[in-house]
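> For reference, the chains in residue letters:
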Amino acid sequence: MDAIPQVSMLFFVSAMDSAPCHHIFPDGIHCGEKRIRSVLLYSSNNGSIRENRRQLPMEYRKEYGSCTDMPEDMMLRGALSDTLRCSCSQNGRPGQSCPTVENRGRDSGCGCSNGSVNRCSNRSSRQENGSGGPSDDGCMAGSCVAGPRVDPLSGFPLAMAYVPNQPWEGIQEPEDALSGGTLFTGLLFPWHPSRCGASQCGSSYRDPSHRDASKGCGCGRN
Amino acid sequence: MNEQKKLYRMIQQVSFVLYETGLYLDTHPNCRQALAYFQRYNTRLRELTERYESRYGPLTMYGQNGCDRWQWVGSPWPWEYDAQ
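Chains as they are written, first to last, in this note's numbering: chain A, 1 to 222; chain B, 1 to 84.
The hints are simulated quantities; they were obtained by calculation from the structure and are not laboratory data.
Misleading hints may appear alongside valid ones.
Some chain B residues near chain A, calculated using beta-carbon distances under 7 Å [as the list claims (entries may be wrong)]:
(1) PHE16
(2) VAL17
(3) LEU18
(4) GLU20
(5) ASN30
(6) ALA34
(7) PHE38
(8) ASN42
Beta carbons are placed, not taken as given, at the ideal position from N, Cα and C, and that holds for glycine.
Isolated chain A, as found in the complex:
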């Protein structure tokens, strides 16, 4: 899509009746589980609000379980200016209640921002929608975290574990395997909570390949 330099509001339009609520990050749109057919871009130009509906390409008009597999050109990278305030509505019209999932903009951090058109300041609506305990800025305590705004795992369900394919490597001698509790060095995580701190093991202390046996710490589970 063409870059729009002054976007003040951005709305998703869902083909579904249920509330579409999608994450908006500085790098683009992370859709949720609803069908998205078009987006509404509200650009502010010298005080006037201009509505600009953008139809999404046909190939994107399908449901995405997450947007992680969405092509990058789908993302509105560059279309979100520094003045972005984000929100979303149930039917593409401004002034709807706060969405069920927090929206995020570059300036607004997270949570519903006080956009010029759609204000998500209704605390009760946030509570009803299950967006967690409201704080002063309407954010869930756990949703506003320090660090990069763009979570690489955003869009994935919570509390999903993963198990990488284990390679046949790092085979220990039988004596070491029995004493260590595993045949594989990649699964060797000695538990030394009092001796294994981040200060000892450095920033890579969670990476088993960077374990420093000389420091007496496995660091794998600290």
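Given chain A, put chain B in place with the hints provided.
Same frame as chain A, but now just chain B:
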């Protein structure tokens, strides 16, 4: 550590790596390296077991070796190995 305990310890070690390899093979049934490793240590376990049982009696009930006495009941119980 006497010879019996050394031998018993080796059997424990080899049994452990075989068990670990078996778990790995459950999810990697076509891994030739793991299969070769398992075969090598499986042979090793049989050798060690035969050596131990020929000297010190059966390690398991199935190690009974054609004697006229039930040897299994006379071999050490698990908690007796360290006491020896």
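> Each of the hints needs a verdict: does it hold here or not?
Evaluated hints:
With a cut of 7 Å, the hint placing B:PHE16 at the interface with chain A holds, because the nearest CB-to-CB distance is about 5 Å. The beta carbon of B:VAL17 comes within 5 Å of a beta carbon in chain A, closer than 7 Å, and the hint placing it at the interface holds. The interface hint given for B:LEU18 is broken, as the beta carbon of that residue sits about 9 Å from the closest beta carbon of chain A, more than 7 Å. For B:GLU20, the suggested interface contact is upheld, since its CB lies about 4 Å from the closest CB of chain A, less than 7 Å.
This hint is violated: B:ASN30 has a C-beta 11 Å from the nearest C-beta of chain A, more than the 7 Å allowed. Given the 7 Å rule on beta carbons, the hint for B:ALA34 holds: about 5 Å separates it from the nearest Cβ of chain A. Hint on B:PHE38 is violated. Least Cβ distance to chain A is approximately 11 Å, over the 7 Å limit. The criterion of a C-beta within 7 Å of any C-beta in chain A is not met by B:ASN42, whose closest approach is roughly 13 Å, and the hint is violated.
The structure shown violates the earlier hints numbered 3, 5, 7, 8.
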